[in-house]
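Peer 1: Residue strings, one per chain:
Protein chains: 2
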Amino acid sequence: MASEKPILYSYFRSSCSWRVRTALALKGISYDQVPVNLIKDGGQQFSDEFKALNPMQQVPALKIDGIILSQSLAIINYLEETRPNPRLLPQDPKKRAQVRMIADHIVSGIQPLQNLSVLKQMGEKKMEWAQNCITSGFQALEQILQQTAGRYCVGDEVSMADLCLVPQVANAERFKVDMAPYPTITRINKALLELEAFKISHPSRQPDTPAELRA
Amino acid sequence: MASEKPILYSYFRSSCSWRVRTALALKGISYDQVPVNLIKDGGQQFSDEFKALNPMQQVPALKIDGIILSQSLAIINYLEETRPNPRLLPQDPKKRAQVRMIADHIVSGIQPLQNLSVLKQMGEKKMEWAQNCITSGFQALEQILQQTAGRYCVGDEVSMADLCLVPQVANAERFKVDMAPYPTITRINKALLELEAFKISHPSRQPDTPAELRA
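Just so you know, the sequences run in chain order C and B. Take any residue in the first sequence, note its place counting from 1, add 36, and you have its number in the working numbering. Take any residue in the second sequence, note its place counting from 1, add 36, and you have its number in the working numbering.
Hints should not be assumed to be uniformly reliable.
No copy labels: a pair is met if it fits in one copy or bridges any two.
To be verified - Here are the computed lysine-lysine pairs in the DSS-like style, where the Cα-Cα straight-line distance is at most 25 Å:
#, residue 1, residue 2
1, Lys-130, Lys-41
2, Lys-63, Lys-131
3, Lys-99, Lys-130
4, Lys-41, Lys-131
5, Lys-87, Lys-131
Just so you know, the hints here were simulated from the structure itself, not pulled from any lab data.
All chains should be modelled from the sequences, with the hints used to inform the complete structure.
Peer 2: See below:
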């Protein structure tokens with residue numbers, strides 16, 4: 037059972053799914069993808085079938101080694117511990133902490149505030165709210181990256197932090213956030229998007245990407 | 037510098053600060069505490085002085101080993117890697133993944149949705165919104181814990197997941213969430229609150245706890 041091909045339950049536009057797709061790509065793990073449409077049928081993640089698979093009723097979920105994992109960073113940490121090459125966390129504990137600070141800042145401090153469930157509540161203020169959350173998160177992030185970044189978020193090796201950065205910048209662009217005040221974020225995002233792993237995991241190139249959004 | 041006593045910047049009621057206080061207590065790390073009042077002066081975390089220390093303008097922040105860390109789970113992971121005993125993550129990768137799934141579910145999936153900045157936006161719907169977020173998060177958590185729990189969240193050893201559970205249950209109680217549908221959460225929370233590390237890190241026993249809330 038442990039040797040079966042992993043199955044990723046994901047949605048093309050979900051930023052949390054994108055993080056995991058990139059980790060799988062960087063580590064060269066081949067997998068099958070099962071699309072879960074977060075919009076259609078009132079949200080397919082709420083179906084009894086999917087709920088039995090992942091009680092959190094969220095994507096991504098990864099079936100691997102005979103278990104089902106959810107929560108993007110928990111999945112990525114599991115991949116890192118069981119398939120350590122290439123590594124997504126530096127060896128030095130202080131640098132590892134920097135990577136985790138940046139990843140957690142995005143994953144807990146920015147993304148949840150601009151996700152679908154919150155935006156629905158905001159009604160007309162939706163766009164303004166999302167912009168404010170991302171702006172205030174990016175102001176902090178820009179300052180932190182000025183201290184930690186090399187070519188990528190922390191030094192010159194791609195890390196867990198980078199997997200979180202790229203989808204969050206894509207969200208910022210969807211919400212028309214002015215990126216001019218964030219030259220470091222912009223530079224790193226551009227460098228990352230040149231890498232094959234980020235290209236093939238991009239929302240424009242997934243099995244469930246609608247035709248009009250395909251790259 | 038690395039041998040100086042760590043300094044924790046925290047707020048008595050912040051659930052993220054509580055997580056870190058418990059980790060420090062469990063690992064027997066002695067530290068000084070500097071209170072940052074999230075309510076007073078429009079939020080002391082927004083002061084220039086604190087911003088220079090932590091650009092994320094949030095508590096907790098921990099000055100340790102000559103660096104300043106923020107984001108509760110990044111701090112706890114750093115402590116785990118540099119002070120591994122007693123461990124807060126199981127040795128088995130699958131069990132580690134369960135711990136991380138539960139911790140991330142609370143830290144990214146529940147807590148940010150009911151924090152101060154979101155609640156301010158909700159106006160009159162504040163209480164209802166917080167209850168809904170916690171209820172839907174706890175429904176999933178209860179199901180997951182039924183599969184993973186022993187005496188604590190994952191098996192019989194206290195883990196990172198437990199550090200996140202207790203403050204979230206305290207938040208649920210503040211928001212008057214009916215806990216009857218969550219017997220497993222309730223049982224584990226009760227068992228954890230009997231441990232000395234959770235008692236001394238409790239919001240009712242911090243240097244900045246107001247007299248009327250002191251235990």
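Peer 1: Taking each numbered hint in turn, which are not upheld by the structure, reported in ascending numerical order?
Peer 2: Violated hints: none; all satisfied.
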